[in-house]
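All chains, please: the whole structure from these sequences, using the hints.
Going by the numbering used here, the sequence shown wraps up at 113, each residue one higher than the last.
Keep in mind the hints are simulated off the structure, nothing from the lab.
Pairs of lysine-lysine residues, derived as DSSO-like cross-links and limited to a Cα-Cα distance of at most 27 Å, are as follows:
1) Lys81 - Lys59
2) Lys112 - Lys59
3) Lys81 - Lys112
4) Lys75 - Lys112
5) Lys112 - Lys83
6) Lys59 - Lys75
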Amino acid sequence: MSVIDFIAVRRRQDNTKVEEPRSAAADKVKNGQAPLTASQFTRHVTHIIEDEMRRSLKRHVDVIDPREMIDLAKMLAELKAKYIGMTLTIASNRTPMTDAELEQLRNLRVKI
2 MSVIDFIAVR
12 RRQDNTKVEE
22 PRSAAADKVK
32 NGQAPLTASQ
42 FTRHVTHIIE
52 DEMRRSLKRH
62 VDVIDPREMI
72 DLAKMLAELK
82 AKYIGMTLTI
92 ASNRTPMTDA
102 ELEQLRNLRV
112 KI
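Structure, rendered in structure tokens:
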């Protein structure tokens, strides 16, 4: 769903609603538009990110072979597993993190 689609849906919902008693949140509403809830905002931002990712992939990547996708998924899973394992190991230690451990975590996070 694009930004324009989302706005159109919101307008359509506002036009079909029957006038209801106003709440404290409704007093903050500008121009008849209800504020987005946290879940609506998150869903909307996720859709925008997916759309932009799709456009970017079309510009930078030609045809994607399914085997390449599987290899990419395996690589990503391996990196995430290493990161989580290292984080759990460091968290179970009773001593503060060393600079070397911090650098290792940072490098893994950048790769992910």
